[in-house]
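Generate coordinates for the entire structure from the input sequences, incorporating the hints supplied.
Residue numbers (our numbering): 3 to 141.
Derived from the structure by calculation, the hints contain no laboratory data.
Here a beta-carbon is modelled for each residue, glycine too, at the ideal position from N, C-alpha and C.
Some clues are possibly wrong.
Label pairs and their in silico Cβ distance ranges [unchecked claim]:
id : residue 1 : residue 2 : range
1  : LYS120    : ASP14     : 33 to 43 Å
2  : ASN21     : LYS139    : 26 to 36 Å
3  : GLY119    : VAL93     : 15 to 25 Å
4  : SER138    : ASP22     : 18 to 28 Å
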Amino acid sequence: LGCLDSVGRFRDLKYPNGNDVYASQILAYKNGITVVSTFATGIALWQNNKVVKTYRQENNQLANNTIYKMDIDGDVLWMVSDYMVQALNLVTNELRVYSKADGLPQVEIKDIKCSRGKVFLATSLGILSFPTNMPSKNE
Numbered sequence: 003l004g005c006l007d008s009v010g011r012f013r014d015l016k017y018p019n020g021n022d023v024y025a026s027q028i029l030a031y032k033n034g035i036t037v038v039s040t041f042a043t044g045i046a047l048w049q050n051n052k053v054v055k056t057y058r059q060e061n062n063q064l065a066n067n068t069i070y071k072m073d074i075d076g077d078v079l080w081m082v083s084d085y086m087v088q089a090l091n092l093v094t095n096e097l098r099v100y101s102k103a104d105g106l107p108q109v110e111i112k113d114i115k116c117s118r119g120k121v122f123l124a125t126s127l128g129i130l131s132f133p134t135n136m137p138s139k140n141e
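See below:
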């Protein structure tokens, strides 16, 4: 992950501990915050080229650190992980996890999009959807 500095030179962005960021997706949030998902280290919120908050499985903030795709609906970050969808409220830090117990098929989820109060998932079996306010059995 990197950025252009004030004189147009590329500069690597790293975690505060100096580790590289291996991003799977980047989304704009609000107030100049960028959400970065990773293949192994969860989610990081960046502002002014610095990490301002991280969410990780090790801190019981995520059910899985591997995030393939994501979308934002208001303050809720929807994330695709292995055979599950995670919904993280970025204001309250509430996490909901949707899996087979909630009716998701045990197939690869290719993409996610939130629109008009629904979550749409592209899977190898086709498109499925559910309401964004659907309770999770894995809360």
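Going through the hints against the structure:
no. : hint                        : result
1   : LYS120 to ASP14: 33 to 43 Å : holds, 38 Å
2   : ASN21 to LYS139: 26 to 36 Å : holds, 35 Å
3   : GLY119 to VAL93: 15 to 25 Å : holds, 18 Å
4   : SER138 to ASP22: 18 to 28 Å : violated, 33 Å
The structure fails hint 4 only (numbered hints given earlier).
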